[in-house]
Amino acid sequence: MTEDTDKKNYRLVLKLLFVAVAMFGFGYALVPLYDVLCDITGINGKIDAVAVKETTYPVDLTREITVEFVTALNKSAPMVFRVEKNEMKVHPGEYHTVQFYAENKTNHDMVAQAIPSLSPGLTADYFKKTECFCFIEQRFKPYEAKVMPVRFVIDPALPSDYKRITLAYTFFDKTEKK
Amino acid sequence: MSAVVAEHDDHEHHDHGPEKGLLRWFVTTNHKDIGTLYLVFALAMFFVGGAMAMVIRAELFEPGMQFVQPQFFNSMTTMHALVMVFGAVMPAFVGLANWMIPMMIGAPDMALPRMNNMSFWVLVAGVLLLASTLFMEGGAPAGGWTLYPPLVLQTGDALPFAIFSVHLLGISSIMGAINIIATIFNMRAPGMTLMKMPLFVWTWLITAFLLIAVMPVFAGAVTMLLTDKFFGTTFFDAAGGGDPVLYQHIFWFFGHPEVYIMILPTFGVASTIIPVFARKPLFGYNSMVYATASIAFLSFIVWAHHMFTVGMPMAGELYFMYATMLIAIPTGVKVFNWTATMWKGAMTFETPMLFSISFVILFTIGGFTGLMMAIAPSDFQYHDTYFIVAHFHYTLVPASIFILMAAGYYWLPKWTGNMYNEKIGQLHFWLSVVSVNILFFPQHFLGLAGMPRRIPDYAVQFADWNMISSIGGFIFGVSQLLFLYIVVDTIRGGTGEKVTDEVWEDAHKHGLEWTLPSPPPYHTFTTPPTVIPTEHL
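Quick mapping for you: the protein sequence lines, in order, are chains A and B.
Counting along the first sequence from 1, when you hit position 118 you're at 118 in the working numbering, and nothing is skipped either side.
To convert, count from 1 in the second sequence and add 1000; that's the working numbering.
Bound-form chain A, shown alone (with noise of 0.2 Å):
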């Protein structure tokens, strides 16, 4: 092998080596880019984090839209959660107060984090809640209950193809992170 190929093999190692570590650095690189793609279309079923201000919005007597509600725990998280009622009937643009339940079943302090999810998916953009106990991490004292509201209110904007929207709430238990 003459020196000229050992020089021109040692560049293209390095250009190809480069490449490679580049590609790792884009599988991190898709954590970010998938985010953003996701909350630009509005797929997922992602709820924003954060309470919108109560506007109001002229009520559509003529639609009516059921909401159901769904309760979880994460790996059998030690609680008790549930929900008042599973589903009501909704017209868009009214606001509703739905109470959730939960409770702390161990003798410890808890913290735990409600995480949302909407399905279908693409109707998160016009399900508005201007109150949630999922904006925040709730702390439980030990076997403390809490009542728990979430106010919402359907845009009236929603396209006429939805009639049935699922809201789904998992308690995940973060105290061993804490």
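Fair warning: there could be bad hints in the mix.
[As the list claims (entries may be wrong)] Lysine-lysine pairs mimicking DSS-like chemistry, simulated, CA-CA at most 25 Å apart: (1) B:Lys-1196 with A:Lys-174; (2) A:Lys-8 with B:Lys-1196; (3) B:Lys-1229 with A:Lys-75.
Note that these hints are calculated values from the structure, not bench results.
The model shown is predicted, which means the values in this text are computed figures rather than measured ones.
We have chain A; now place chain B onto it with these hints.
Showing chain B alone in chain A's frame:
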């Protein structure tokens, strides 16, 4: 004095042979030795992964739990996949690349011989680390080879070992790929232009780029799993704002090119063997090169067809559906070209050709079922059933594995200088081709009827086809021992018939390797060849 020593060294450099003794295999930087190491290792792993498949088929022989615990069964499906993909198929093709690429392009060795040695031994370390998880508290990974969170995070002690093993396998593949690209770009004999290279070299060049592009992404994904489990990050944990579906996107961004990493060199070998036994030039050499490149490009933009059921919006489903179907075009070009190469050829049916022809037919079946699943609305029915199992096994076993067998039969006489036993070779072929269809074809029916994949027990309605599939599996498994016998027998002298340099009639027109003696000397093409064969163009 020193000048004299230097001169002496220089003189010795050109005709030294291999190291004596066992140490040769650890320190060797010779492309033929390393190729042999890769191939032997891959064959061993083929039997390890095959043994795991036998456990799976034995448990599924009848409904109910017979032999193993469900957890161990799930470990078997996961480990079978990882061992076969990263331990058998990929190393086997790297082994072929090591042996054949320098000889095909008229180079004295690989461009980076020391790195070549290192990439092999890193591979061994990676696979041993993976195998060691079988003996750990909590068992080997059992969440499927895709390692989806949150399920995979429930793996016991094995999780970090499996992840580090993936890192090692990735490093090994990337080193191998860099070496192959450097060899092809910088080491070709004068006159061996890119568009004169044999297709095996071309397909490997493109595969090597795929490897460099996607193995690091997979390494990143498993590193995120590692930090999620042990360091409190929440990439895939909704509690901290992460999303498990994100993992699927990252994984399949790697995973889809990965399946082409296993099939493109397969195409290359088929395009090498078929013209020799059809005694015709390859039909459409240029279109083969462009088709390979198109398939490689498309592989990067179709990944979400593996996850139609995660709840993508309609626009996403449609895009990934049509983009996926686009792949059928360059693939169709290839199948057409192989068929056209055989058209009116003076064909003979030695074992390598038999395996290659059955590859063309059976791979096409696997390709068609792939198109069926590309249709997003139908995929909801097929997703995670035995239909997908049947599909990817048709593209891997009677395609990649059959072509590896064909390559073995085709080049063994060149490598060893001895002829294999044609009768046993043909027996091996016929047993394999019949049993592989008994094994995998019924799985289409099971999938369409709704049998989920990765389950140790099933409803009794699936019993008949499972039993037939298992019987095919056992016959296929046992038949492969014939291949082991033939390889050992050929190395030890074979039929005793001395083979010529070109082994197969007029093969010297098809590739430089057939202009060398059989077996080739330890060092070949220390001076570049002057005549470049062009029969394949």
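Point to revise | Hints violated by the structure (listed by number, smallest first) | key: 1
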